[in-house]
Amino acid sequence: MEATHAHGQDHAHDHGHGHPTGLMRWVTTTNHKDIGTLYLWFSFIMLLSGGTLALLIRAELFEPGMQIMRPEFFNQLTTMHGLIMVFGAIMPAFVGFANWQVPMMIGAPDMAFPRMNNWSFWLLPVAASLLIGSFFVPGGASAGGWTMYAPLFLQGGISNDMTIFAVHILGISSIMGAINIVTTILNLRAPGMTLMKMPLFVWTWLITAYLLIAVMPVLAGAVTMLLTDRHFGTSFFNAAGGGDPVMFQHIFWFFGHPEVYIMILPAFGIISQIIPTFSRKPLFGYASMVYATSSIAILSFMVWAHHMFTVGLPTAAQLFFMYATMLIAIPTGVKVFNWIATMWKGSMTFETPMLFAIAFVCLFTIGGFSGLVLAITPVDIQLQDTYYVVAHFHYVLVSGALFSIFAGVYFWLPKWTGHMYDEKLGKLHFWLSTIFFNVLFFPMHFLGLAGMPRRIPDYALQFADWNKVASIGAFGFGLSQLILLVVVLKCIKGGVKAEGRAWEGADSLEWTHLPSPAPYHTFETPPTVN
Amino acid sequence: MAQEQKSQKASAWQAARAVFWSFFGVRKSTDYNRDAVRLTPGQVIAAGLVGAALFIATLVGIVYVVMH
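Going line by line, the protein sequences match chains F and Z. Under the working numbering, the first residue of the first sequence is numbered 1, with each subsequent residue one higher. Under the working numbering, the first residue of the second sequence is numbered 1001, with each subsequent residue one higher.
Note that these hints are calculated values from the structure, not bench results. Certain hints may be false.
Cut-off 30 Å, straight-line C-alpha distance, at most; resulting in silico cross-link-like pairs (DSBU-like, lysine-lysine) [unchecked claim]:
id : chain 1 : residue 1 : chain 2 : residue 2
1  : F       : K468      : F       : K345
2  : F       : K424      : F       : K497
3  : Z       : K1028     : F       : K345
4  : F       : K281      : F       : K345
5  : F       : K281      : F       : K497
6  : F       : K197      : Z       : K1009
7  : F       : K197      : Z       : K1028
8  : Z       : K1028     : F       : K281
9  : F       : K345      : F       : K424
10 : F       : K490      : F       : K424
11 : F       : K427      : F       : K493
Take the sequences, apply the hints, and build the full model.
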């Protein structure tokens, strides 16, 4: 009690002197809400940057033949699009959600390590500058694919070193963020908030944070070995010196497959908050959802070589990874069934967050099924490096991860800004995004099945029609994202006042215990959870 | 109270069953409520590691059967 009182005095003291204002507020902030906002704006800027690269790719592929760029530049675009979207847009967006929501959802006053939190964020613009700046160095940006495979990545100019350095920095940022999230969840929960009472978003982030701590050092090790091969005379991946380029792929994908789940588990968490809210029913099978998430996390370490079926694995290894990959679909399927069961006979309404959540369930499932197709080794050997693979992972990462981010932004905007967003514009954003997303990526299944290889700037004439359709979809999808920007700016500026519990069916602490907008400092006195 | 909790501690078999169901991704709510009270984190981690080893061994066994 005394401690609570003392804390309250600190709070008053803090306000008496005021915070730094203007730019310095954001540079020096240790407040989880400010840092969450920084992460989200950063990831939005990176989404637009990576999206611009994607539009350049689709512009070149609009027609067969080389129109607007050199092939080397095309390869730089595909490489940097992947790196920027994975490390700059999707991952930081989820960390932004974690910063804003985890303390409020567990009744904590802030993150456990606020200063480290500040540093975690401010490393990101440094890494982003290195990545984007590498376009302007001699030889241009890295062009060997976002996976940085040796031996291609051992060649090339200074941009590869910039990419390696950027990946190191991003990894440090992710590890610090993950440690912060684990410590916050394990140590700062309000009295009565047992682990199994935590909202599912918090659970998915706890598991994701463990995954990050486990695999980001593996990536750091892989790129460090690349660096020493490039500059310090080692031959880890250089066959001429006795090394093995395939070893890089094993190490990379031992990071890379859990990374896929790092990008999708928080999405599962957001969707698991939204569907019960707009179905006005508790989440069906909460415990099963927690168990399934843990199971997916463990299994994610056992399937990495399904990315490498064509590198010459022994048949026994191909079979092992095929079986293991198929089995991971079981807990994922459990989740999809639980979301459907939650909606079943619910009093559903279809506000924008719910629309994006339903689109997530439908379209992510398509991505999951095409993943199962690719898990079959002989099929994968046919489809390896075709547009079918591009279609598959964009269904997982765009209509999966990105749509969940959109859903989460619409869901929590009233809590963050204190205003309801413009529902009409939100729905317009949803419908245009969903339609153009499918126009963009669904034809890629056909192109892949017909044999069109990925990462090429030109293609045979029989692929022309569907490429044209996909490029139209790409520009529609890309431009539709400007609507989100308008919605968010409008919502920050004003609008209908949001109530504390802006959504009727919402029942987590930020909705039941806090006003909208959430005050700068919350839960300095922890709530008691029954 | 401490004695009561001690007597409620789950057996290795119960921990193994909880981990099996967690791999499948489904748990009956009554069983889950019992798990939440009785299972210790150490038990879950130990059972999880053994479960993962068994999972890999089973898959390797199936691969062996398929190939021979």
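So, going through the hints one by one against the coordinates:
no.: 1; hint: F:K468 to F:K345; result: violated, 42 Å
no.: 2; hint: F:K424 to F:K497; result: holds, 16 Å
no.: 3; hint: Z:K1028 to F:K345; result: holds, 21 Å
no.: 4; hint: F:K281 to F:K345; result: holds, 9 Å
no.: 5; hint: F:K281 to F:K497; result: holds, 25 Å
no.: 6; hint: F:K197 to Z:K1009; result: holds, 21 Å
no.: 7; hint: F:K197 to Z:K1028; result: holds, 16 Å
no.: 8; hint: Z:K1028 to F:K281; result: holds, 18 Å
no.: 9; hint: F:K345 to F:K424; result: holds, 26 Å
no.: 10; hint: F:K490 to F:K424; result: holds, 12 Å
no.: 11; hint: F:K427 to F:K493; result: holds, 19 Å
Checked against the numbered hints given earlier, this structure breaks only hint 1.
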